[in-house]
Structures are given as C-alpha cells and as structure tokens.
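J.: This is what each chain is made of:
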Amino acid sequence: MIYLTADIGSTYTKLVATDIESCKVLGASCAFTTIETDVREGFNNALRNMEAQIGEFSYDKLICCSSAAGGLKMVALGLVPELTAKAARLAAASAGAKVVKTYSFEISKAEQEEIYEINPDLVLLCGGTDGGNKDVIIANAKRLCQIDRDFSVVVAGNKSASHELQKIFSYSSNSKANSGIDSLSEGLDNSASESLDDSFSRDTEKYFAKHFVITQNVMPEFNKLNIEPARNCIEELFISKIVEAKGLSALQKMSGHEIIPTPLAVMRACELLSRGVSESEQGKVCLQGKVHTFDAALMAGWGDLIAVDLGGATTDIYSMADGNPTLSNMLSKGLPEPYAKRTVEGDLGMRYSLAALVEEAGIDRIVREATSFSGSEITKEQVESWIERCCHNPDIVSSKGSIEESIEEAIAKMAVEIATDRHAGIIESVFTPVGQMFALTGKDLSEVPLVIGIGGALANSEEPSKILSGAKYNSARYIYSKPKEPKFMIDGKYIFASMGLIGGFNPAVALAILKEEIKKV
Amino acid sequence: MKKRVIVTGVIGADVHAVGNKILAYALEEAGFHVVNLGVMVSQEEYIEAALETNADAILVSSLYGHGEIDCNGLRDKCDEAGLKDIILLAGGNIVVGKQDFKEVEKRFMDMGFTKVYPPGTQPETTIEDLNLMFAKK
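Heads up: the sequence lines are chains A and B, in that order. Sequential numbering from 4 applies to the first sequence in my numbering. Sequential numbering from 203 applies to the second sequence in my numbering.
Do not rely on the hints blindly, as some may be mistaken.
[Stated by the list, open to error] Partial list, derived from the structure: chain B residues whose beta carbon lies under 8 Å from chain A:
no.: 1; residue: Glu254
no.: 2; residue: Thr255
no.: 3; residue: Asn256
Hints were generated in silico from the structure; no laboratory data involved. Predicted, not measured: the structure shown is a model, and the values here were computed from it. The beta carbon of each residue, even a glycine, is placed where N, CA and C say it ideally should be.
The whole structure should be built from the sequences, with the hints applied where relevant.
T.: In structure tokens, the structure reads:
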C-alpha cells in the first residue's frame, strides 16, 4: 500500500511516496507550485519527476497539506498582552497559522487600518476570562466588523459576552455594509454596549459581513489555558473556507481527504516523534502493517525535543516538552504554556523577510559569525552585497565553499538564535529574604536533549550543527532558557510534514519512518 | 447574584506562602471568587489579572517589611490601566520594625489604598469590610 503526500508550498509542491507495509520512503520529488492557474499542474509535474526516479506507480491514498498563497494568515486579538492576547497567539500558532500580528486592549484606528492592510484569512478574537471583562472584546468585535475585508472570525473569549457578540456578528452578516449601528444598539439590552456605542459616530460607521464561529474561551479562568476548542475551529474553517479561497479545492477533491495547513502537519509529526504511539493507537490503525504485536521499544517516542523550521519567509519553532522549572529555587510565573508549543516568526526568514532579520540581528554580528564560520576575514561590504542580492532574487543559492555560504550560515544561525530566544522561557533572578530565587516565565527548555532542523537552509548545509547551535543556551544571553547540551539532528528529506499527514491515518508507520529518517549530524 | 471577584497575592520579592493560602481559602468560603496570584507578585500582575477578570478588589499581602516600597504607585498604575476606583486593600507586616500604625495607615491611604490592616488582623475583619464596601458600590 502506497501513500502519497503532497505539501503545496508557496514556491514548491513537494511529494513524498511512502510504502506503508515496509515503512519506507520510496521517493521524494518537487516541482513549482501552480496555484495561480491550476494547482494540479504542479502536482502532476512533481508526480512525473517522482516517476522518473522510482518508476511508474499507483498510490492508494493521497493526503495533502498546504502553506501556499501566504499560508493561513491570521491576526489574534486579546485583552492583556501577557494573558489573553498571548493565549490567542498560542492558539493560532498551534493551529498552524502564520500569526502576522497580535493586538491587545481595544484596537486603535491605526491598528484597524493595519488589519485591513494585512488582509488576514482568519481573525481570532479573545479577551476576558469567563465572567471577566467583556467591554474590550465587544468593542473589538465592532471594530473588526468595520473593516472592509472578507475574513472569518473565531471568537474565543469571555463566554458572558457571547450574546452581544452573536448579535454584532449576525447583524453584520445579515446585511452587507449596513450603515449606522442604531438598529444594533436597539437590539442590545446590555448597558456595557450602550456606553460603547456612544463612542461611535452612528451615521458614518459601516459594518461589513463577517463569517463567524463562537467557541470556548482560550482562557476561561485566570492563567488557565484552553486552546484546543479555538484550535479545532481554526482547523475546520481552514478546511471549509480557506482551501477554496486558496485555489486548492481541485486537489481536495482529488485526494478525498481534508487539506490541513503545513505547519499543523509538522506539529503533529513533532508530537508523534516526541510522545510515540500507545498500544491502543497502534491496534486501531496498523492492521495491514508488518508490526502486529505491540513493541513498546519500537513505538516509544524520543521524549522532549525542539524542532526548528527555517524557511524563506518565516522561522518556526516547535517545542515538545512540559517545560517545568529545572531548578529547585525556581518559580513559574505567568501563563502556563502547552506541552506542544509552536511559535512562528514572520520577521525572521532567509529570503522574503531577510531585511527584517538582518535589522534584528545587526549586521556586525552577522559579519563576526560569518568570519568565524569561514575562517577568513569577511567584510561588512561582502555581507551587505549578498543580502542585497538575496532580496532582489529570492531564488539565489550560494555555491559550496564560497564566502556567501558562510554568510548564509551566519544569517541562518542568527534566525535560529532569535527565534528560539523568543520561544524559550525567560529566567530572571530575584533576591528574597530566603536567598536568591529565579522567576521563570514560559517554558524551561534547558534540559531538552534534542534539537531537530527542518527546512532547506538546514538540509542543504554542509554543517547544519553550526546553524543549529543558535538554538543552544548562550551564557551571554543567559536569561533565555534554551537547551544546554542538545544533540542536533536533521530532517534531510523534509519528511516531517508528510509524516504528520500519514500519522493521522497510521501513526505507527509514520513514527517508524521518522525515527529512521531523522539523522544525527 | 454574581460572585464578587477578588485578586489576591503576596507582593514584591516576598515568598511567604502560607498566610496567603489561608486568606484565599477564607475569602472563597465567604462567597467571593478569588483569583490568587500566589507569591512574588508584581504590581503589573495584579493589574493584568484584575483587568482580565473584571475584578472588584485587589488585596495585597506583604510579610517581609518592604510592603511600602512594593505598594508605592499601585493606585496610579490602576488608574492608568482603567481600573477606576477599584478597591485596594493591603495587610500583613507591611513596614519594617514597630512603627505607629496610625502613621503607617496614613502613608498607605495617601498612596491611594482604600483600607490598610495591621499585623494580626483576622480574615473575618477584612471579609466584613469587603461586604460593606461592595454594598455601598
């Protein structure tokens, strides 16, 4: 039985053919994505490339994921930056979205305009614990309705505001571009909304239709995270709304299975590799496979791990770990973070967001790193010229052994370093009457034993451990709780997304292949 | 009737955990919804919690003597964050040494606290005060 997986990226359509019986990857191929015309063209081209490698074959199942046409572009709204706004960002990121921006408190006119410019596919609207603040989420709901863009809204905030929110969004959906909100105010008997309405100029504001779903609060109680319901809604909306808008429905029909965002597939593979497969799961799905009796050693996961996906536009970090404090005199502070956490950095990428990355890292640091990587002096001018060439021509590839390769590696290391800094927990030292204590905000990843590299810049590098060393703890930046002694491994064939997809049907096989194909460096 | 929401916690670098737990328990038993932030709570954390939960009162505990420094500016920050007229209470060993409580009380009231409690105050006293304050609101 052969499963064919397709990852429709913005630039490339990548295929992986897997033999389920023998737990082997038969081949991988790629071709340019053709989303503007017909996505099937690119798919067929990639399929022909595959057949050129491994000969003609027929597949039993086709499963797809996609990050094409900008991926699943989202913005998240919450109340307090470190609380519901952060919870909203975590939920959106863990659903595989590219979270372009997170907003807190009542959004300003400028922020409203910014959302218009971002033109997101989905908006996650949160704010307030259940029974807590509802003014802000109601105000933001109205402001979202005033934005003349066709995005869907997932509402996952204070349940006590759901009546008002339902009214606001159904009002906006019932009549396109309603002028005035007088009739809306009449429909609302709530005092909070009344006072808020006053602040709007009643005749000039317009409402635009929004598709919406109301689900459970991402933070129902103070500091209690509940991101699963929001995450499921995002996934369902991606399947029902976004797939068509992104020109993927033809492929969806061909496959017969639901298309999911690529980062979600990667996330699932990370979870699978970390947690392993339990006996009950294996029994359900691995009927045709070779492994009939449950082999605990074979089906065990690798435990805590971090995966780094370094791409052209974003750098994604996945951490699979509880992240509990590793020191006895350490206290956890702030919002507890989930075992499976993903962050996506839209300003850190090797090509499309290179300018922002260079600005963040600082050109001097890149020059220093590049010089130490190459062993000979590299000048600022050389670095600047390469960056300029990359910005003008995103398809450019550095040649092996060149100065540019060292510069490229230095930039990649910076991206990994900054992205993991932002992902990891922050440790602050506090002096108390009972001695020195440490306050940990986020996940303590210092004992995570494994960092896995995914993505072109890492897979193509001669020495990916140089780049991945950016994920390691650095005593000069000691506040970031990153792995102290990690092993580095690499996903050379870029099979993570594929195995995440196969894992949905046959986790035992996907796990076996991951453990086989992810290689130490 | 909706339960009143009270944010509690021990401010600053103070790690006295026991009294805070007893107080939170007593407040829960008295029918309040308690959002207990535990020990080593910063001013910002009280405010963030009060914002999200739409709290009715913030109850600051301090046992290690630095309470005065830790509490200074909390009311201003509450005002700034839009927590208008929120009830602010402080109690414990809030200053160093044996000082005249009258003076201590005045200094805390000047900082904008609604009420301040001397060492040894029983939870019942605070609960009674809170009920009175809520009845007036």
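J.: Would you settle whether the hint for B/Thr255 is holds or violated, based on the nearest Cβ-Cβ distance to chain A being less than 8 Å?
T.: This interface hint holds because 4 Å falls under the 8 Å limit.
J.: With a cut-off of 8 Å, does the beta carbon of B/Glu254 approach a beta carbon of chain A closely enough for the hint to hold?
T.: 5 Å, holds
J.: B/Asn256 was flagged as interface toward chain A. Is the shortest Cβ-Cβ separation under 8 Å?
T.: 4 Å, holds
Figure legend: structure checked against the earlier numbered hints; every hint is met.
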